[in-house]
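Participant: Two independent chains are provided; combine them into the complex using the hints.
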Amino acid sequence: MKKFNIIFLLIAALSLQAQSQTDGSSFLNQTQFKVGYYGSLLFDNGLNLGAEYQWKEKEKVKEKKKGQKTIRQQLLFNGSLGYSTNFTLQTDNGLQTYYGLIWRRTNHKRRQINIELNPLGYYRSFLPEAFEVEGNEVSKVRFPGRSYYAPSISFGIGRLRKKKRNAGWYLNFNYSMRMPYNAGALPVFSIQYGHRFNFKNNK
Amino acid sequence: MKTTILNKLTIAGIAILLLGIFSCTKEEINLNELDETIFVRHKGADMPAYIHGNGSEKVFLVILHGGPGGSGLQYRNNTIKSRIEKNNAVVYFDQRNSGNSQGNHSEADVNIDTMAEDVLALAKVIKAKFGDDSKLFLMGHSWGGALGAAALLKNQEDFTAWIDVSGAHSPKGMYEQYKVVLKEIAEEQIALNNNVIYWQTVIDLVQNVGQNYSVDDFFMLNRAAHAGERKLEEDNIANKAQIDDSDDNELILNNPITATWNSNGVLDIIVFKNGLWENVSLTDRLSEITIPSLVLWGKYDLVVPTLYAQEAFDNLGSEDKDIFIFEKSAHSPMDNEPELFADKVIEFINGH
Numbered sequence: 013m014k015k016f017n018i019i020f021l022l023i024a025a026l027s028l029q030a031q032s033q034t035d036g037s038s039f040l041n042q043t044q045f046k047v048g049y050y051g052s053l054l055f056d057n058g059l060n061l062g063a064e065y066q067w068k069e070k071e072k073v074k075e076k077k078k079g080q081k082t083i084r085q086q087l088l089f090n091g092s093l094g095y096s097t098n099f100t101l102q103t104d105n106g107l108q109t110y111y112g113l114i115w116r117r118t119n120h121k122r123r124q125i126n127i128e129l130n131p132l133g134y135y136r137s138f139l140p141e142a143f144e145v146e147g148n149e150v151s152k153v154r155f156p157g158r159s160y161y162a163p164s165i166s167f168g169i170g171r172l173r174k175k176k177r178n179a180g181w182y183l184n185f186n187y188s189m190r191m192p193y194n195a196g197a198l199p200v201f202s203i204q205y206g207h208r209f210n211f212k213n214n215k
Numbered sequence: 216m217k218t219t220i221l222n223k224l225t226i227a228g229i230a231i232l233l234l235g236i237f238s239c240t241k242e243e244i245n246l247n248e249l250d251e252t253i254f255v256r257h258k259g260a261d262m263p264a265y266i267h268g269n270g271s272e273k274v275f276l277v278i279l280h281g282g283p284g285g286s287g288l289q290y291r292n293n294t295i296k297s298r299i300e301k302n303n304a305v306v307y308f309d310q311r312n313s314g315n316s317q318g319n320h321s322e323a324d325v326n327i328d329t330m331a332e333d334v335l336a337l338a339k340v341i342k343a344k345f346g347d348d349s350k351l352f353l354m355g356h357s358w359g360g361a362l363g364a365a366a367l368l369k370n371q372e373d374f375t376a377w378i379d380v381s382g383a384h385s386p387k388g389m390y391e392q393y394k395v396v397l398k399e400i401a402e403e404q405i406a407l408n409n410n411v412i413y414w415q416t417v418i419d420l421v422q423n424v425g426q427n428y429s430v431d432d433f434f435m436l437n438r439a440a441h442a443g444e445r446k447l448e449e450d451n452i453a454n455k456a457q458i459d460d461s462d463d464n465e466l467i468l469n470n471p472i473t474a475t476w477n478s479n480g481v482l483d484i485i486v487f488k489n490g491l492w493e494n495v496s497l498t499d500r501l502s503e504i505t506i507p508s509l510v511l512w513g514k515y516d517l518v519v520p521t522l523y524a525q526e527a528f529d530n531l532g533s534e535d536k537d538i539f540i541f542e543k544s545a546h547s548p549m550d551n552e553p554e555l556f557a558d559k560v561i562e563f564i565n566g567h
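Chains L and Z, in that order, give the protein sequences. Counting from 1 along the first sequence, just add 12 to a position and that's the residue number in the working numbering. Counting from 1 along the second sequence, just add 215 to a position and that's the residue number in the working numbering.
Worth flagging that the hints you see were computed from the coordinates, not collected in a lab. Mixed in with the good hints there might be a few duds.
To be verified - Pairs of lysine-lysine residues, derived as BS3-like cross-links and limited to a Cα-Cα distance of at most 25 Å, are as follows:
1. Z:Lys350 x L:Lys152
2. L:Lys152 x Z:Lys273
3. Z:Lys514 x L:Lys152
4. Z:Lys350 x Z:Lys536
5. L:Lys152 x Z:Lys394
6. L:Lys175 x L:Lys68
7. Z:Lys394 x Z:Lys514
8. L:Lys81 x L:Lys175
9. L:Lys152 x Z:Lys536
10. Z:Lys344 x L:Lys152
Only chain Z is shown next, with the shape it has when bound in the complex (with noise of 0.2 Å):
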């Protein structure tokens, strides 16, 4: 009897083995198709970082997600995915705390600065990876903006450019752009007949916020700002926000759960505990970035308001820039005008 069990047992333990080391096989490198997930480990964290697209010519472009607490794969969608891999491969990044990385650090660890340092060790690993010669173009979209920016002033080295898509570099003084932004486009609106009631609420909202910042009223600003654009797309203003549907599913596969919980986590530590909306500002640093650079930005951008493109643009410190204001977008262009948005992407890519 004792043998049977052993025997049974030792098969059991025999197909978890199989099933563990073949979950683990990696496969030899396709550098004209990329499927790879790596993991960084920097200062107590291990981070994901999903590879695809076209790695032939050793080029990539590296995405910060917004949030903080957003999750890299959320941009794998539409042209990124269809045009933009095409041409080089991209790599959508989980930072600290957020999406799917885990580890083991302090809150204290939890913060911009760390975060860009983070960056910077993510640029050293495909380097490693994939040789000195790769070709690394930075994008950050909302909070990514103000995260890539950081790691730029920093160390540019590795970094070939820098896009900046609707970028938060001046987290700190949001809160009084968005009572001046909101009240403008609710009164515009109201004028055109648009949803007159919404609008009207923002307005009193707008006149009934605190003077001086405060998280709750903060977050009723942002939430409004959310909110506003969607009405700007049921109104065709704004074009609508297009996700496909991904094929593969990656991000329900990718377990949401643990990424949502991370990001609540997140966003606790950088926006309520640190203060991102009240202390943070890069403006003035922004001149020290000098590596090509270009910004994208929706024209209905309600959530970081379109002034802060220009203010990017004048302020960046590059003798090769440009701008772009997409003129159906709202706050994420990518899936407002996906098309457009490949277009320059893409030209900006290959003209580097």
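Chain L with its partners taken away, still in its complex shape (with noise of 0.2 Å):
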């Protein structure tokens, strides 16, 4: 775990580091913000904040009888972190962060779908009191929780806003493998629906 934990650290680094030189203005461009939801609507419930930063994008405008239609495919990187929980019973609060890229196709309707690949992820899960016993002794846990590698693919559709480049609607359908987990991995599935932006507002 730890192994995971100093890659993450590094590849997180190297990712700030590299957008620190990156033209404000340009960045800013590039980058969309998202916020929603996150959760399994059932068992738990959490926030979601996260950016997309563009790296390549390709416009194919096609001839049809009715017109013009442009479709636009965008490999972005990804990044985003969240909070979910179970309130009641509290064996089910984590954060969760994850590193990847996105493949994303717009129509010409503004209808979009993507695929993400998020290979660098960690969940660290917060328990309520804990005690640990080794042998005889019993002594209280501070900060009781663990950490787990959490590698994360996502599938989802959206809708740009009428006359936005980059803001709109999302739902992902979000599958994450949380490992070492008790004598193997947890597969774990998730629910995401928010709003992306831009904050140049770009259109």
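Facilitator: Printed below as a string of structure tokens:
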């Protein structure tokens, strides 16, 4: 687990460094921020924040009988931070952050589909009061919880707002694995629904 | 613009932080109405214990779930919740790699020995939290009966008494017993003209399974035992299992997907890889359990046949022991005859 943590921190640091060297206005042009619901609707619910930085973009213009249709394909760097909890029992409190790539296709009706691959993911559970027992000794655990490597993939849809190039709603179905979890790994399904926006408000 | 972004991100960060703080804030403990979730960390596992009910007398009924792979809160139902929790506190414990337990341990750490040590660790935690004067009654149902016995064989000091409910203290002999009991009950029900077609398939199954234990055959008989109990309920031989709707839906809120995944994992390790039903028997050591004991069983228990009730009672080493057979119950008397079940448990706890 320590190995994963170190790799994660290194890449996060590199990513921050790279972003700090980018021209400010260009960075904001190329970046969409997102905020939304994150959870499984039934068992745990929370909030997710993130950013997507456009790496590559390709536009295809197709001539159709009804006129021109523009299809945009993008590759974006993705970073996300979310917290969810099952409020009552507090057995499922946790913070998840992940980093990866998004492929997104936007059609001429502003409808989007995207696939995310997030190989760098980290989940930290937060437990309520916990006690550790070693032999006959019982001690209270400080900051109880555990860290897991948590890569994920997502499939999603969305739609851009009218006359906006980088703002709109999204709905992602996310599948991640927490590992090592107990004697194996734990699959986790979650839904992300929210809004993407761009501070430059570009059209 | 940068200031605006920073402001917005700061607000979002504070919101998340507050969400975390409020979700983790502990209220002062009210012993009269305990409603606590605590975790026991032991040998790589973090295992939740949900503590509910009246803890004013510091009397705790610790329930060990069945399975392997059940979950503690599945017992927070019927009269355990409505009556026993009013009499004393009840501790619903998710065992290692079960329910919503989490952690990082190897498959080698998932065995009856380590899990029995987890139970002893739980007892130490309850006493550390609520005081050494706490009285703990250990109750094991089905697989929990095997686990509870295994824990007591390691150390009985922390427990006031033992309640064995349909406990599988000798999984090793179960395969042969299934063949005998299922054949007997099938013939009995056919003679009564009850669900004749079904019971005939049970007789056929018993005749066709292998002479020696195999996991596949064992589970065919185990499934037939569970299904047979439902048939007995249909024909009013046993009472229908009552599961009242928990008003706060804790089982749902407690992520059954995680619990099911864990359940499959522990079942695979303990049953398939470690051969629970092939190798484990504690019958010869039950005499070492000397704390007061109560044996509760359903007359129509096909899953852990009723023969084991008498075997447990006869072999327990306690001088203060009792047995009660529920006449209209199958494997889970707490669901088949909940009122009588609560009567027996409360009477035993208050008498000790």
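Participant: Each hint needs a verdict: does it hold in this structure or not?
Facilitator: Quick rundown of the hints versus the structure:
Straight-line distance between C-alpha atoms of Z:Lys350 and L:Lys152 comes to about 21 Å, which keeps the hinted pair within the 25 Å bound. Annotation: proposed proximity of L:Lys152 to Z:Lys273 holds, straight-line Cα distance about 20 Å (limit 25 Å). Annotation: proposed proximity of Z:Lys514 to L:Lys152 is violated, straight-line Cα distance about 44 Å (limit 25 Å). Between Z:Lys350 and Z:Lys536, the direct Cα distance comes to roughly 18 Å. Compliance with the 25 Å bound is thereby established for this hinted pair.
Restraint check: the Cα-Cα separation between L:Lys152 and Z:Lys394 comes to about 49 Å, which exceeds 25 Å; the hinted pair is violated. Taking the CA atoms of L:Lys175 and L:Lys68, the gap is near 21 Å; set against the 25 Å cutoff, the hint holds. The straight-line distance between the Cα atoms of Z:Lys394 and Z:Lys514 is roughly 17 Å, inside the 25 Å bound, and the hint therefore holds. For the suggested pair L:Lys81 and L:Lys175, the alpha carbons sit about 15 Å apart, so the restraint of at most 25 Å is met.
Distance hint between L:Lys152 and Z:Lys536 is unfulfilled; the C-alpha atoms sit about 37 Å from each other, more than 25 Å. Under the criterion of a C-alpha separation no larger than 25 Å, the hint pairing Z:Lys344 with L:Lys152 is consistent with the structure, at around 10 Å.
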